[in-house]
Amino acid sequence: MLFSGSFAAYAQDDQPGLRNRKWFIPDHLKLQFAGNIGFLSGGPGYVSRNKTLETDVLFGFLPKKFGGDALVTISAKTTYSPWKIPLKNTYYIRPFSIGAYLSYTFGPQFDTKWPSYYPAGYYWWATSFRPGAYVGGKVGRDLRIKNQVRQFEFYYELGSYDLLMISYVQNREYLKLSDIGSLSFGIKMAL
Amino acid sequence: MALKTLLKLLIIPAIISLTSCDGLFQYNPNEIVLNKNQRNLTGKNIEQIVQLPVKDTMRFIFMGDSQRWYDETVKFVESANRQRNIDFVIHAGDISDFGITNELKWINDIMQKLNYPYLTVIGNHDIVANGSDAYVKMFGPLDYTFGYGDYKFVFVNTNSLEYGLDGSTPNIPWLRAQLADNPEKKQTIVIGHVPPFDADFDRNLEKEYAATLAADPNLKFTLYGHQHAFKEGEFYDDGVQYYQTTSMGNRGYLVISCWKEGHKVERITF
Chain S
1 MLFSGSFAAY AQDDQPGLRN RKWFIPDHLK LQFAGNIGFL SGGPGYVSRN
51 KTLETDVLFG FLPKKFGGDA LVTISAKTTY SPWKIPLKNT YYIRPFSIGA
101 YLSYTFGPQF DTKWPSYYPA GYYWWATSFR PGAYVGGKVG RDLRIKNQVR
151 QFEFYYELGS YDLLMISYVQ NREYLKLSDI GSLSFGIKMA L
Chain Z
1 MALKTLLKLL IIPAIISLTS CDGLFQYNPN EIVLNKNQRN LTGKNIEQIV
51 QLPVKDTMRF IFMGDSQRWY DETVKFVESA NRQRNIDFVI HAGDISDFGI
101 TNELKWINDI MQKLNYPYLT VIGNHDIVAN GSDAYVKMFG PLDYTFGYGD
151 YKFVFVNTNS LEYGLDGSTP NIPWLRAQLA DNPEKKQTIV IGHVPPFDAD
201 FDRNLEKEYA ATLAADPNLK FTLYGHQHAF KEGEFYDDGV QYYQTTSMGN
251 RGYLVISCWK EGHKVERITF
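If you read the sequences in order, they're chains S and Z. Positions 1 to 191 (my numbering) are the ones given, in order, by the first sequence. Positions 1 to 270 (my numbering) are the ones given, in order, by the second sequence.
One chain only, chain Z, in its complex shape (with noise of 0.2 Å):
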């Protein structure tokens, strides 16, 4: 008797939990287990970003680096909905830290109350261990692009060290392709985690990746994390603006303002 009540004590909570949550069982720290909402996020963002109406100004926020500070995304998420008139956020990557895919969907779930659809771009820590799969079946391309009103944005995977720094990263030969296809002449924006002028940035490929975007005359500006500090700037003599953001950790952010002749970039922390 007292074994079938221990019995029920034992089984009554797991259906219990079998039924009202996921990730009761894990069967592996690498596993790549996922909700059919928490596949393909990019494709459905830019959807909903795609519809918004189209203004004079286009302001977004772009903000990164969320890895192991989920406690500082919370808080970012409370920041960026107090903003005013924004149209969606970007996320500098490092959305992990350990590139496991139960990271991933924590960052999800909290950006998912964000106000705005977000977008990201893969950061050195997502490529880790399964993490480059996880990012794929969950957000979408390493690569990619898309256009909203004026404006075109590329985001590039320049986690060169990931792959041994073995000239495959970034993608110079796409990248160029991909801003000579704007036949609209729409003002592009380049978005990678790694900024140039880092170490982990594939030095073979410095030179030539910045002279492509410098030789780009739809370039509006070109935007990074990775570092976990603030920075902005001409870094290579070219008339292409540089602007980095900086860590949940470090809790701050960049709102920036774009219109046809110009853009505003402001740092805000919480």
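Okay, chain S solo, but in the shape it has when bound (with noise of 0.2 Å):
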């Protein structure tokens, strides 16, 4: 449902004045570090017309040195950051951002439909697909380039996923939100 409004969002943005795109073309960049997503991951990304609902499609990559095991991850994710608050020198924050994602980690290990052999529902949950969601905020800059208005943003987020919210819910004294949440950043760059 966020998906299809982001884009309705954009094909009202088409219009005669504004500047002429085709509707598939990304409005943005993202390159984001940690979030269970990957070490880095980047992709496209599209905004509403308001400027306060983002989706972007972000591939990701794991080296061995740092996660043990090499995973390659495939996300999407939607963000809404409802107040933008102007600074100076065309800086600004968007202080508050909730978002959810679905990740998919690709190898032989990960299943999305468990093997015939074992009884239905023996395991519940599908190890290749992961929904998260997080909170965070970004500052941001209009920056003027060739006569076009660029805007660069930094953001970050705080974020956890089904596995570990339901291990906090159900183990309230032992786990700490500190244990199942972590910290990613990121920066996104309007094209």
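None of these hints come from the bench; they were simulated from the model. This one's a predicted model, so the numbers in the text were calculated from it and none came from an experiment. Backbone N, C-alpha and C fix where the C-beta goes; we use that ideal spot for every residue, glycine too. Treat the hints with care, as some may be off.
Said to hold, decoys possible - Far from chain S, some chain Z residues (derived; all Cβ distances over 12 Å):
1. ASN28
2. ASP56
3. TYR163
4. ILE172
5. TYR242
To be verified - Mimicking DSSO-like on lysine-lysine, the simulated pairs with C-alpha atoms at most 27 Å apart in a straight line are:
6. LYS36(Z) - LYS64(S)
7. LYS36(Z) - LYS176(S)
8. LYS44(Z) - LYS64(S)
9. LYS64(S) - LYS113(S)
10. LYS22(S) - LYS146(S)
11. LYS186(Z) - LYS231(Z)
12. LYS231(Z) - LYS176(S)
13. LYS65(S) - LYS105(Z)
14. LYS113(Z) - LYS176(S)
15. LYS185(Z) - LYS264(Z)
16. LYS220(Z) - LYS44(Z)
17. LYS55(Z) - LYS185(Z)
18. LYS113(Z) - LYS65(S)
19. LYS264(Z) - LYS186(Z)
20. LYS44(Z) - LYS65(S)
21. LYS137(Z) - LYS64(S)
22. LYS176(S) - LYS105(Z)
23. LYS36(Z) - LYS65(S)
24. LYS88(S) - LYS146(S)
25. LYS137(Z) - LYS36(Z)
26. LYS55(Z) - LYS36(Z)
27. LYS176(S) - LYS137(Z)
28. LYS105(Z) - LYS186(Z)
29. LYS55(Z) - LYS264(Z)
30. LYS264(Z) - LYS75(Z)
31. LYS64(S) - LYS105(Z)
Said to hold, decoys possible - Per label pair, the in silico range of CB-to-CB distance:
32. GLY147(Z) - SER116(S): 36 to 44 Å
33. ASN218(Z) - GLU173(S): 41 to 49 Å
34. PRO183(Z) - SER178(S): 46 to 54 Å
35. PRO183(Z) - VAL169(S): 50 to 58 Å
Put the two chains together into one complex; each comes in its own frame, and the hints tell you how they fit.
Shown next as structure tokens:
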């Protein structure tokens, strides 16, 4: 639903008088560090007309050196940042973001549909797909390059994913939010 | 100016957390990132156990299935530390629920609070996703043995279903070789996660497995977890005593005392 929302919102953006661009051309690129979708992940994204809702597709890689196993991940992310506070010199902050993602990690050891030798429902979760959620914030600046306004943003996110959240809810004495949460940050460059 | 202040606000907590805790950044749920003191735990704990003075009676705790029951496992450790004359603790497997390294680390952190060293056998949940790799790196081999006093312990991966019931697991030729390699005729205790009478144990290997145990003249008894229930009995009418411990969720464990002519198994709830 969030997906179609952001696409629909963009379509309205493609009106006469505004920048003329085919709907499928991405609005921005992102490069992210950490966040359970790779050591580094990057890819294109779209933003809604009012600039509050972003949807990204990120291709992530985790080298064995940093992860104990080399893992390739593809993720879809949607982030909602409702408020913008302008600062001096075209700087601004978006103090609060909230978002969700669904990642897919490649590998024969990860299952989407469990093999038929397992009784139905033996394990209730898929190990290849991982949904997660996060909150965060951004700092941005509108830079004028060659008569075009180019937007750059730095963002951070504190997030977790389904399996750890369930563990946390059921173990409120032992687990702390810091046990299940992790930090990520990234940059966004508008195209 | 506001930006500088803001950047400080963002960066300072990041730097503090970077230096103060591991796991601030997570790259994938299936990553296997370990500190030095989280590696080779089986080897390190065996070293501690074999240095314990050998007494007439060996007493150990057999617990298991801690999967996603961290609060309960903390309570188990408190209860276990109140037991007297315990030499070590054995975890019957399903250390984790999702095969995630973080889960293995959490249970290890909790088990570090035990007054005794602990050993583990791998459970089916510990094999899911990257769990098996994580187990090997953190604990050690999936099949292993060690000797202590007049006893030989054999830990065997019995999680047949995780390997598609392909006849590879449990590794019966390995088990037979370990039982045969016993020149001092030590009393042998075989420990696995899935008991042979469970549906997740390879049907085609069940009889051979039970017969292998029954054929060993030094076998004292054999121990399992997995079913989240206490059980005991001579399941194959062959003189081999099977004992099964319950889960941490059911707040129970076994205290097992062994001496030359006998043994005693007590069920404890906490």
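Hints, verified against the model:
At roughly 5 Å from the closest C-beta of chain S, the C-beta of ASN28(Z) falls inside 12 Å, breaking its exclusion from the interface. Once the 12 Å rule is applied to beta carbons, ASP56(Z) is consistent with being away from chain S; the minimum gap is 38 Å. For TYR163(Z), the requirement that its beta carbon stay farther than 12 Å from each beta carbon of chain S is not met, with the minimum near 10 Å. At roughly 20 Å, the least C-beta separation between ILE172(Z) and chain S is larger than 12 Å, which holds for a residue marked as non-interface.
The Cβ of TYR242(Z) lies farther than 12 Å from every Cβ of chain S, with a closest approach of about 23 Å, so its non-interface assignment holds. Restraint check: the Cα-Cα separation between LYS36(Z) and LYS64(S) comes to about 17 Å, which is no more than 27 Å; the hinted pair holds. Between LYS36(Z) and LYS176(S) the CA atoms are separated by roughly 23 Å; this keeps the pair inside 27 Å, and the hint holds. Note on LYS44(Z) and LYS64(S): the hinted pairing holds, with a Cα-Cα distance of about 25 Å set against a maximum of 27 Å.
At roughly 26 Å between alpha-carbon atoms, LYS64(S) and LYS113(S) fall within 27 Å of each other, so this suggested pair holds. Simply put, LYS22(S) and LYS146(S) have alpha-carbon atoms about 21 Å apart, close enough for the 27 Å limit, and the pair holds. Between the alpha carbons of LYS186(Z) and LYS231(Z) the distance comes to roughly 25 Å, so the proposed pair stays at or under 27 Å and holds. A distance of roughly 35 Å separates the Cα atoms of LYS231(Z) and LYS176(S); the hinted pair therefore is violated under the 27 Å criterion.
The hinted pair formed by LYS65(S) and LYS105(Z) meets the criterion: a straight-line CA distance of about 19 Å does not exceed 27 Å. For the suggested pair LYS113(Z) and LYS176(S), the alpha carbons sit about 18 Å apart, so the restraint of at most 27 Å is met. At roughly 21 Å between alpha-carbon atoms, LYS185(Z) and LYS264(Z) fall within 27 Å of each other, so this suggested pair holds. The straight-line distance between the Cα atoms of LYS220(Z) and LYS44(Z) is roughly 25 Å, inside the 27 Å bound, and the hint therefore holds.
At roughly 18 Å between alpha-carbon atoms, LYS55(Z) and LYS185(Z) fall within 27 Å of each other, so this suggested pair holds. Taken as a hint, the LYS113(Z) and LYS65(S) pair is broken in the structure, with Cα atoms around 30 Å apart against an allowance of 27 Å. Of the pairs offered as hints, the one joining LYS264(Z) and LYS186(Z) holds, with about 18 Å between alpha carbons and a cut-off of 27 Å not exceeded. A hinted pair counts as satisfied when its Cα atoms are at most 27 Å apart, and LYS44(Z) with LYS65(S) qualifies at roughly 24 Å.
Distance restraint check for LYS137(Z) and LYS64(S): the Cα-Cα separation of roughly 14 Å lies within the 27 Å cut-off, and the hinted pair is therefore satisfied. The straight-line distance between the Cα atoms of LYS176(S) and LYS105(Z) is roughly 14 Å, inside the 27 Å bound, and the hint therefore holds. A hinted pair counts as satisfied when its Cα atoms are at most 27 Å apart, and LYS36(Z) with LYS65(S) qualifies at roughly 15 Å. With a CA separation close to 21 Å, the supplied pair LYS88(S) and LYS146(S) stays within the 27 Å bound.
Restraint check: the Cα-Cα separation between LYS137(Z) and LYS36(Z) comes to about 10 Å, which is no more than 27 Å; the hinted pair holds. Straight-line distance between C-alpha atoms of LYS55(Z) and LYS36(Z) comes to about 33 Å, which puts the hinted pair past the 27 Å bound. At roughly 26 Å between alpha-carbon atoms, LYS176(S) and LYS137(Z) fall within 27 Å of each other, so this suggested pair holds. Proximity of LYS105(Z) to LYS186(Z) is assessed by CA-CA distance (about 33 Å); at most 27 Å being required, the pair is judged violated.
Pair hint LYS55(Z) plus LYS264(Z) holds up; C-alpha atoms about 16 Å apart against a cutoff of 27 Å. As the CA atoms of LYS264(Z) and LYS75(Z) are separated by approximately 24 Å, the hinted pair is consistent with the 27 Å bound. Among the hinted pairs, LYS64(S) with LYS105(Z) is consistent with the structure: their alpha-carbon atoms are about 19 Å apart, no more than 27 Å. Roughly 42 Å separates the CB atoms of GLY147(Z) and SER116(S), a value that falls within the hinted 36 to 44 Å.
Evaluation of the 41 to 49 Å hint for ASN218(Z) and GLU173(S) yields a pass: the beta carbon distance comes to about 43 Å. For the pair PRO183(Z) and SER178(S), the supplied restraint of 46 to 54 Å holds, since their beta-carbon distance comes to about 52 Å. Against the hinted window of 50 to 58 Å, the Cβ-Cβ separation of PRO183(Z) and VAL169(S) comes to about 53 Å, which satisfies the hint.
The structure is inconsistent with the numbered hints 1, 3, 12, 18, 26 and 28, although it conforms to all the rest.
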